[in-house]
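Chemist: Protein chains in written order, with this note's numbering: chain A, 22 to 145; chain B, 56 to 395.
Since the hints were made in silico from the structure, they are not lab data.
Glycine included, every Cβ here is placed at the ideal spot set by N, Cα and C.
Among these hints, one or two may not hold up.
[Stated by the list, open to error] The following label-pair restraints were derived from C-beta to C-beta distances:
{"#": "1", "chain 1": "A", "residue 1": "GLN129", "chain 2": "B", "residue 2": "GLU352", "range": "50 to 56 Å"}
{"#": "2", "chain 1": "B", "residue 1": "ARG243", "chain 2": "A", "residue 2": "ARG137", "range": "49 to 55 Å"}
{"#": "3", "chain 1": "A", "residue 1": "ALA133", "chain 2": "B", "residue 2": "ALA256", "range": "31 to 37 Å"}
{"#": "4", "chain 1": "B", "residue 1": "ARG250", "chain 2": "A", "residue 2": "VAL110", "range": "32 to 38 Å"}
{"#": "5", "chain 1": "B", "residue 1": "PRO246", "chain 2": "A", "residue 2": "LEU111", "range": "40 to 46 Å"}
{"#": "6", "chain 1": "B", "residue 1": "ALA275", "chain 2": "A", "residue 2": "GLU82", "range": "40 to 46 Å"}
{"#": "7", "chain 1": "B", "residue 1": "GLU352", "chain 2": "A", "residue 2": "ARG137", "range": "52 to 58 Å"}
{"#": "8", "chain 1": "B", "residue 1": "ASP317", "chain 2": "A", "residue 2": "GLU82", "range": "35 to 41 Å"}
{"#": "9", "chain 1": "A", "residue 1": "ALA133", "chain 2": "B", "residue 2": "GLN92", "range": "30 to 36 Å"}
{"#": "10", "chain 1": "A", "residue 1": "ASP29", "chain 2": "B", "residue 2": "ASP317", "range": "50 to 56 Å"}
{"#": "11", "chain 1": "B", "residue 1": "ARG137", "chain 2": "A", "residue 2": "GLY143", "range": "29 to 35 Å"}
[As the list claims (entries may be wrong)] Straight-line C-alpha distance at most 25 Å; calculated SDA-like pairs for lysine to any residue:
{"#": "12", "chain 1": "A", "residue 1": "LYS124", "chain 2": "B", "residue 2": "ASP155"}
{"#": "13", "chain 1": "A", "residue 1": "LYS124", "chain 2": "B", "residue 2": "ARG101"}
{"#": "14", "chain 1": "A", "residue 1": "LYS77", "chain 2": "A", "residue 2": "LEU144"}
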Amino acid sequence: MKILVADDSPTIRQLVSARLEADGYEVVEAEDGERAVAVARAEHPDACVLDKIMPKLDGFEVVQRLRADPRTAAAPIVMLTDRGGESDVLGGLELGVDEYMPKPFSPQELSARLRRTLVRAGLL
Amino acid sequence: MTAALLYTDVALAALVAALAGALNLVRVRIRRRRRRQERLGPASSRAVARYVAVGGELPSPAGRAERAILRDAALRALFDLRGSARDQVVSLLEQLGFLDEAAAALRSRRRPVRRRAAEMLAVVGSPAVTPALQAGLRDRDPLVRTACARTLAAVAAEDMIPQVVAAAQRDIGVAPGSAAAVVLALGRHHPGALRPLLEPARPADVRLVAATVAGGLRLALLAPALRACLQAGDEIAAAAARGLGRIGDRESAPDLRELAGDPRRAPRARTAAAAALGAIGDREGVPVLEPLLVAAEWPVRSAAAQALARLREPGTAALRRAVQWGPPEAREQAEGVLAD
Numbered sequence: 022m023k024i025l026v027a028d029d030s031p032t033i034r035q036l037v038s039a040r041l042e043a044d045g046y047e048v049v050e051a052e053d054g055e056r057a058v059a060v061a062r063a064e065h066p067d068a069c070v071l072d073k074i075m076p077k078l079d080g081f082e083v084v085q086r087l088r089a090d091p092r093t094a095a096a097p098i099v100m101l102t103d104r105g106g107e108s109d110v111l112g113g114l115e116l117g118v119d120e121y122m123p124k125p126f127s128p129q130e131l132s133a134r135l136r137r138t139l140v141r142a143g144l145l
Numbered sequence: 056m057t058a059a060l061l062y063t064d065v066a067l068a069a070l071v072a073a074l075a076g077a078l079n080l081v082r083v084r085i086r087r088r089r090r091r092q093e094r095l096g097p098a099s100s101r102a103v104a105r106y107v108a109v110g111g112e113l114p115s116p117a118g119r120a121e122r123a124i125l126r127d128a129a130l131r132a133l134f135d136l137r138g139s140a141r142d143q144v145v146s147l148l149e150q151l152g153f154l155d156e157a158a159a160a161l162r163s164r165r166r167p168v169r170r171r172a173a174e175m176l177a178v179v180g181s182p183a184v185t186p187a188l189q190a191g192l193r194d195r196d197p198l199v200r201t202a203c204a205r206t207l208a209a210v211a212a213e214d215m216i217p218q219v220v221a222a223a224q225r226d227i228g229v230a231p232g233s234a235a236a237v238v239l240a241l242g243r244h245h246p247g248a249l250r251p252l253l254e255p256a257r258p259a260d261v262r263l264v265a266a267t268v269a270g271g272l273r274l275a276l277l278a279p280a281l282r283a284c285l286q287a288g289d290e291i292a293a294a295a296a297r298g299l300g301r302i303g304d305r306e307s308a309p310d311l312r313e314l315a316g317d318p319r320r321a322p323r324a325r326t327a328a329a330a331a332l333g334a335i336g337d338r339e340g341v342p343v344l345e346p347l348l349v350a351a352e353w354p355v356r357s358a359a360a361q362a363l364a365r366l367r368e369p370g371t372a373a374l375r376r377a378v379q380w381g382p383p384e385a386r387e388q389a390e391g392v393l394a395d
């Protein structure tokens with residue numbers, strides 16, 4: 022199972038990727054929003070873990086593009102956010118974000134939430 | 056004369072050459088440090104991430120430079136993590152000896168070294184170095200003292216908290232931002248410790264910071280102390296009023312009405328009191344708020360109108376009266392909030 026991890030912080034990318042690889046997932050990474058969309062279209066990940074604030078395209082814009090493309094529309098999405106307000110969360114849910122994970126985060130909790138979205142999507 | 060000029064020229068040339076040499080040396084060192092970081096940084100971050108994910112063997116950096124890069128990678132990870140993952144990174148720093156090094160660095164003669172060590176220990180927040188932090192409260196540098204106090208506020212046992220409170224009070228005058236961070240840490244971890252900082256005998260700047268923190272964190276147990284602060288100077292009273300509004304302390308309503316309606320008090324105090332009356336839902340405050348729609352100061356009028364809007368029927372009735380019969384300044388405010 023392949024997971025896209027997109028975050029402009031190399032530290033966060035490494036923390037998330039190490040956790041997911043330890044759980045047996047294959048991980049592909051992107052360091053900004055444009056790259057995230059490009060990697061998703063090329064690699065067809067089964068799910069995505071996206072940061073909300075990224076250069077070039079932010080997390081919401083990435084979600085919009087992924088949901089608009091039939092090749093990537095179905096992949097569950099977990100979004101990492103700073104302690105965002107209610108409007109942020111509601112906006113994301115309307116666009117199609119499946120789970121939110123506030124930062125600072127627990128990699129174990131992120132893994133559990135990702136697993137839950139994959140189960141709900143019938144992929145696990 | 057000619058010889059003197061010649062000597063001066065030679066001396067100047069030597070000085071310029073020495074300066075250029077020193078600059079070059081610094082540039083070379085910076086470049087070398089950057090290349091080392093580029094070479095070793097990603098591997099260190101990956102090592103920390105792997106340790107967090109699967110545990111197992113500790114990373115084993117070779118050499119001072121690699122140790123420093125690994126330490127910085129671990130500290131960066133601390134900002135992004137919480138829970139057991141964060142505890143693992145703290146444990147990694149402890150087992151690799153970084154916390155002991157920082158504790159020892161708190162005794163350095165060089166202030167920048169002590170400051171970096173104190174900040175690092177504040178980021179880590181481990182009780183393992185409490186004795187060193189306690190000694191750091193007596194450092195001659197206020198930024199070292201306040202960083203140590205901030206850490207102790209989060210990790211120290213209850214019996215050490217009075218020392219932390221004393222440190223915050225002592226340094227509010229010399230390092231107000233850092234001391235305020237200590238008060239904030241106390242508010243988060245030992246909220247009752249703020250009570251002495253709110254007492255009338257305390258200096259005004261101490262009471263102001265404590266009132267702001269107590270209200271910002273909505274510390275209901277400090278509501279009685281905040282009520283007492285409504286009698287203090289205008290800045291403190293305003294902070295206390297805002298806090299009581301955030302807490303939703305209905306018992307403070309009579310004092311807030313008195314403050315809002317007192318023309319001798321500064322506009323900012325009256326504005327905060329009026330807003331608080333709306334926040335706590337004090338319908339008995341309508342007779343106090345309605346006349347404020349014609350106050351001389353715009354912020355007071357605006358706060359009164361917003362508060363009346365929050366009080367539903369008796370409040371909106373007062374706003375409709377202002378629209379129908381009030382002078383232009385009251386009508387403007389009332390129409391504005393009724394339209395929202």
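Chemist: Run every hint past the structure and note whether it holds.
Modeler: Checked hints:
no., hint, in the structure
1, A:GLN129 to B:GLU352: 50 to 56 Å, "holds, 54 Å"
2, B:ARG243 to A:ARG137: 49 to 55 Å, "violated, 31 Å"
3, A:ALA133 to B:ALA256: 31 to 37 Å, "violated, 52 Å"
4, B:ARG250 to A:VAL110: 32 to 38 Å, "holds, 36 Å"
5, B:PRO246 to A:LEU111: 40 to 46 Å, "violated, 32 Å"
6, B:ALA275 to A:GLU82: 40 to 46 Å, "holds, 41 Å"
7, B:GLU352 to A:ARG137: 52 to 58 Å, "holds, 54 Å"
8, B:ASP317 to A:GLU82: 35 to 41 Å, "violated, 52 Å"
9, A:ALA133 to B:GLN92: 30 to 36 Å, "holds, 34 Å"
10, A:ASP29 to B:ASP317: 50 to 56 Å, "holds, 52 Å"
11, B:ARG137 to A:GLY143: 29 to 35 Å, "holds, 31 Å"
12, A:LYS124 to B:ASP155, "violated, 29 Å"
13, A:LYS124 to B:ARG101, "holds, 19 Å"
14, A:LYS77 to A:LEU144, "violated, 30 Å"
Against the hints set out earlier in the document, violations occur for numbers 2, 3, 5, 8, 12 and 14.
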